[in-house]
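Peer 1: In order, the protein sequence lines correspond to chains X and G.
Under my numbering, the first sequence has 26 at position 28, and the numbering climbs by one with no breaks.
If you count the second sequence from 1, you need to add 12 to reach my numbering.
Just so you know, not all the hints are guaranteed correct.
[Said to hold, decoys possible] Using C-beta positions, here's what the derived DEER-type ranges look like:
no.	chain 1	residue 1	chain 2	residue 2	range
1	X	53	G	108	48 to 56 Å
2	X	55	G	16	43 to 51 Å
3	G	39	X	179	29 to 37 Å
4	X	81	G	80	24 to 32 Å
5	G	84	X	53	18 to 26 Å
6	G	16	X	150	24 to 32 Å
7	G	104	X	55	28 to 36 Å
[Unchecked claim] Straight line, CA to CA, 27 Å or less: simulated BS3-like cross-link-like pairs of lysine-lysine:
no.	chain 1	residue 1	chain 2	residue 2
8	G	43	X	70
9	X	45	X	97
10	X	70	X	28
11	X	197	G	43
12	X	97	X	70
13	G	43	X	28
[Claimed, not checked] To give an idea of the chain X side of the interface with chain G (calculated C-beta under 8 Å), a few residues:
no.	residue
14	17
15	31
16	33
17	142
18	188
19	199
20	202
Hints are computed from structural coordinates only; laboratory data are not their basis.
For every residue, glycine included, the Cβ atom is placed at its ideal position computed from N, Cα and C.
Below, each chain spelled out in residue letters.
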Amino acid sequence: MQSTPKTLTSAGLRRDAGGSSDAALVQRVKQGERSAFDLLVAKYQHKILNLVMRYVKDPSEAMDVAQEAFIKAYRAVPSFRGDSAFYTWLYRIAINTAKNHLVAARRRPLSLEAELPEGDGFESFATLRDIDTPERLALTDEIGEAIASAVEDLPDELRTAILLREIEGMSYEEIAQAMDCPVGTVRSRIFRAREAIDKRIQELM
Amino acid sequence: MSEHFDEQISEFIDDEMSPEQCEFFVRRLQKDDEARARYMRYQLIGAAVRGEHIQRNALELRRRLEAALATDASAATAKGHAIAGHQLVVGAGIAAGFVLFAAIGWGVAMLDRLPPVDAGEFAAAVSGSSSLAAKPSASLDGGSWAGQMLVHHAGYSSGFNRTLTVLVAPEDEPSAALAAVPVD
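Only chain G is shown next, with the shape it has when bound in the complex:
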């Protein structure tokens, strides 16, 4: 270590360096154990000269702090890993939500493209039977998305079909089912 560098330690302690010099100097100081030890001793000298009368336990404080902060850092790292794992799960949940939302959106958009549906076909599809006696007078066009959705699902999704049948289209009252469907 050069005498010039030692003198810089003194200058740094006295805050007589420009910010740029400080930045450069600190980087060098951190890499140099001997320089750091000298820095510590100069600080100790300063405290003694200022009459801060060196606290007997001040010399111990740094050692204790070092140990405490090392433990703190380990804990923070462990906590960071735990948080990262939690964030991963939450992130996956959010992503799944987006996918579901997009799928629903896509489904709705696709419904808009369906051709107009005849109310009679709807009733037949809902009831699961082609021998419906009554044929309603109203028809459902492509703009009535709710009606289309009912027809769509009734026609192509057997499970949902059964649910709808129970809820809105009892076989003995086909017109009642139609009454529940918005009609233009």
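Chain X with its partners taken away, still in its complex shape:
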């Protein structure tokens, strides 16, 4: 197995800026296409949840906060001017939402759940919170393991290409220099790596 070159680890968070891809999606959202926002959510949901969980430890509460942050972002997209990267903007919204949640939680005298009556109006709320079922936990663990295993099984050149891209955040051009191959080859290797991993997880999805 070929290890990831250590000298390239500072290549950058630049890739997180999401430049043209995000700009194109944001533009579509501004035109009222919610499905474009769904693509942005798919891209950033893990990052945002991880971020929120640094503030809010309870997973279901973190989920509520992340959801609120995305909804705020969706409503505010028309005023997003693009002065900063979309993720930077979303990141700020998520942090503020999490902090506000903590402030509000401190003001709450008792746990809300303890006061909930068992009426009709609260059943759907309870259902929404009931997301960490054993089946789901097992499934997500299985997906995670399948991906890790698929990465291990990749040919060296594919694994290196995808790791440089995903972990180091390097551009195709930087990877081409690091691996001493044309940019087109890098593009193809990264795609083939994703394809190979995707085949392993498709049946689990």
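We have chain X; now place chain G onto it with these hints.
Peer 2: Same frame as chain X, now just chain G:
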């Protein structure tokens, strides 16, 4: 779906497209359910490879968001209709205001065209009687719009005439009525 398009999904995720390519690609991606599903899986793979360890509930987040935003959109639509109705009423009010303002303006403009009025005629019109004993020495010309308006309304609008009669032209004091009218 072609392999080339699949490769473009990968390229798009890595932000290796020009803005123009992105714009074109997103339009196509939005129409293609299978491509979108692949895009989602590639994003999931990326998160797992980056060690973001797939949050167990992240997979649920999109579904919940979709439901929440759909509700949000319905509410916004309903609110939009309510606002539109309110705006219609306000708009109609503003339009009516403009019409009233224009009518008043037109009335004032028309007054400027009235011929000079004799103060005696005015007093007679105000009092509703032709047997006024006193005839004032001053006359009102067309430039004195307030005086004209009083005369105009006194002469042609009976309701307003009565009001004016009470306010400024008691029958027993015709000269007092004239004293209230600007005279050049």
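Peer 1: Run every hint past the structure and note whether it holds.
Peer 2: Hint-by-hint comparison with the structure:
About 55 Å separates the C-beta atoms of residue 53/X and residue 108/G, a value consistent with the hinted range of 48 to 56 Å. In this structure the supplied range 43 to 51 Å holds for residue 55/X paired with residue 16/G, their Cβ-Cβ distance being about 45 Å. Restraint check, residue 39/G to residue 179/X: a C-beta distance of roughly 32 Å satisfies the suggested window 29 to 37 Å. For the pair residue 81/X and residue 80/G, the supplied restraint of 24 to 32 Å holds, since their beta-carbon distance comes to about 27 Å.
For residue 84/G and residue 53/X, the hinted distance range of 18 to 26 Å is satisfied, since their beta carbons lie about 24 Å from each other. With their beta carbons about 28 Å apart, residue 16/G and residue 150/X fall inside the hinted range of 24 to 32 Å. At roughly 56 Å, the beta-carbon separation of residue 104/G and residue 55/X lies outside the given 28 to 36 Å, and the hint is violated. For the hint pairing residue 43/G with residue 70/X, the CA-to-CA distance comes to about 26 Å; that is within 27 Å, so the pair holds.
With a C-alpha separation of about 17 Å, the suggested pairing of residue 45/X with residue 97/X holds against the 27 Å cut-off. Restraint check for residue 70/X and residue 28/X: satisfied, since their Cα atoms lie roughly 14 Å apart, inside the 27 Å limit. A distance of roughly 23 Å separates the Cα atoms of residue 197/X and residue 43/G; the hinted pair therefore holds under the 27 Å criterion. In summary, the hint linking residue 97/X to residue 70/X is supported, as the alpha carbons are separated by about 14 Å, within the 27 Å threshold.
A threshold of 27 Å between alpha carbons decides the hint, and for residue 43/G with residue 28/X the separation of about 17 Å falls inside it, so the pair holds. Evaluation of the residue 17/X hint against chain G yields a held restraint, the C-beta minimum of about 5 Å falling below 8 Å. Taking 8 Å as the C-beta contact cut-off toward chain G, the hint placing residue 31/X at the interface holds, the least distance being around 7 Å. Hint on residue 33/X holds. Least Cβ distance to chain G is approximately 5 Å, under the 8 Å limit.
With 8 Å as the threshold, the beta carbon of residue 142/X comes within range of chain G, its nearest partner Cβ sitting at about 5 Å, so the hint holds. At about 6 Å, the closest approach between the beta carbon of residue 188/X and any beta carbon in chain G falls short of 8 Å, and the interface hint on this residue holds. With a least beta-carbon distance of about 7 Å to chain G, the hint placing residue 199/X at the interface is held under the 8 Å criterion. For residue 202/X, the suggested interface contact is broken, since its CB lies about 10 Å from the closest CB of chain G, more than 8 Å.
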